[in-house]
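Protein sequences appear in the order of chains A and B. Basically the working numbering = 1-based index in the first sequence + 10. Basically the working numbering = 1-based index in the second sequence + 296.
It should be emphasised that the hints constitute simulated quantities derived from the structure, not laboratory data. Computed from a predicted model, the values in this text were never measured in an experiment. Treat the hints with care, since some could be wrong.
[Stated by the list, open to error] Computed list of lysine to aspartate or glutamate pairs in DMTMM-like fashion (alpha-carbon distance at most 20 Å, straight line):
#, chain 1, residue 1, chain 2, residue 2
1, B, 337, B, 392
2, B, 337, A, 49
3, A, 52, B, 348
4, A, 52, B, 299
5, B, 336, A, 66
6, B, 305, A, 49
7, B, 336, A, 25
8, A, 52, B, 320
9, B, 337, A, 13
10, A, 109, B, 348
11, A, 109, B, 380
12, B, 332, A, 13
13, A, 78, B, 340
14, A, 52, B, 363
15, A, 109, B, 340
16, A, 78, B, 363
17, B, 334, A, 49
18, A, 11, B, 354
19, B, 332, A, 66
20, A, 11, B, 340
21, A, 78, B, 381
22, B, 334, A, 13
[Claimed, not checked] Some but not every residue of chain B turned toward chain A, in silico, with C-beta under 7 Å:
#, residue
23, 311
24, 383
25, 401
From the three backbone atoms N, C-alpha and C, an ideal C-beta is built for every residue, glycine too.
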Amino acid sequence: KQEVTQIPAALSVPEGENLVLNCSFTDSAIYNLQWFRQDPGKGLTSLLLIQSSQREQTSGRLNASLDKSSGRSTLYIAASQPGDSATYLCAVRPWGAQKLVFGQGTRLTINP
Amino acid sequence: DTEVTQTPKHLVMGMTNKKSLKCEQHMGHRAMYWYKQKAKKPPELMFVYSYEKLSINESVPSRFSPECPNSSLLNLHLHALQPEDSALYLCASSQDTGGSYEQYFGPGTRLTVT
């Protein structure tokens, strides 16, 4: 059974810092991995999708990497801003499954 | 346009009420999903529709009844709910249920059962 873990559960950093969020998964048989952002009480915004054959994806100040063999992904946020404060969720799509398996999320706070 | 819309944004209902949640997408996607998210927890899959047919029911109680009247619309009919059903209900869509496709989520309906 696929399990996804995100550490840390919460992170607080001053504005302007570069930071890394971690995601690990137990089974490397996946189609892809998605990173989402969720603001309190809101829906999920897809940030980046990495297919299993890819190593990384970039969008603006965000860079996500995928190491399928070790079951790890990282989301790198450059030059953090208070507007980046949110919960970040990673999710994998296991082979043969139609659903996403989510981690518990990392609650990120950027202090001005 | 990568938008999934959901109505209503908020819903308060009693345990004897019948209500419906609505989800709409105009991206031509043929797979649509309902997820339930409790506070401070990740979303959990409830139902998957593929080409307007129910393909997955994750052992959801019958008081939740999904419906897909056409390829753009997904409804979730609610009846005789319990207070523990209070949660954020999220709709998502993807091009189809194939594994490589990205899922796009709507803003959710915040449901409170009194």
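Take the C-alpha atoms of residue 11 of chain A and residue 354 of chain B, compute the straight-line distance between them, and say whether it is at most 20 Å.
-> Holds, at about 15 Å.
Given the hinted pair residue 109 of chain A and residue 380 of chain B, is their alpha-carbon gap at most 20 Å?
-> violated (23 Å)
Would the pair residue 78 of chain A and residue 363 of chain B pass a check requiring their Cα atoms to be no farther apart than 20 Å?
-> It is violated: about 37 Å lies between the C-alpha atoms, which goes past 20 Å.
Proposed proximity, residue 392 of chain B with residue 337 of chain B (alpha carbon, max 20 Å) | Violated. Residue 337 of chain B to residue 392 of chain B sits at ~26 Å, over the 20 Å cutoff.
Between residue 52 of chain A and residue 348 of chain B, is the straight-line Cα distance small enough, at 20 Å or below?
-> violated (26 Å)
Given the hint that residue 336 of chain B pairs with residue 66 of chain A, test it: the Cα-Cα distance must not exceed 20 Å.
-> Measuring from Cα to Cα gives roughly 28 Å; hence the hint is violated.
Would the hint on residue 401 of chain B stand, with a C-beta cut-off of 7 Å toward chain A?
-> holds (4 Å)
Satisfaction of hint between residue 13 of chain A and residue 337 of chain B, Cα-Cα up to 20 Å | This hinted pair holds, its Cα atoms lying about 14 Å apart.
Hint consistency between residue 11 of chain A and residue 340 of chain B [alpha-carbon to alpha-carbon, up to 20 Å] = holds (15 Å)
Within a Cα-Cα threshold of 20 Å, do residue 334 of chain B and residue 13 of chain A meet the stated pairing?
-> holds (18 Å)
Proposed proximity, residue 340 of chain B with residue 109 of chain A (alpha carbon, max 20 Å) = The given pair, whose Cα atoms are some 9 Å apart, holds under the 20 Å limit.
Regarding the pair residue 336 of chain B and residue 25 of chain A, is the alpha-carbon distance no greater than 20 Å?
-> Violated, at about 24 Å.
The structure shown violates the earlier hints numbered 1, 3, 5, 7, 11, 13, 14, 16, 19, 21, 23, 24.
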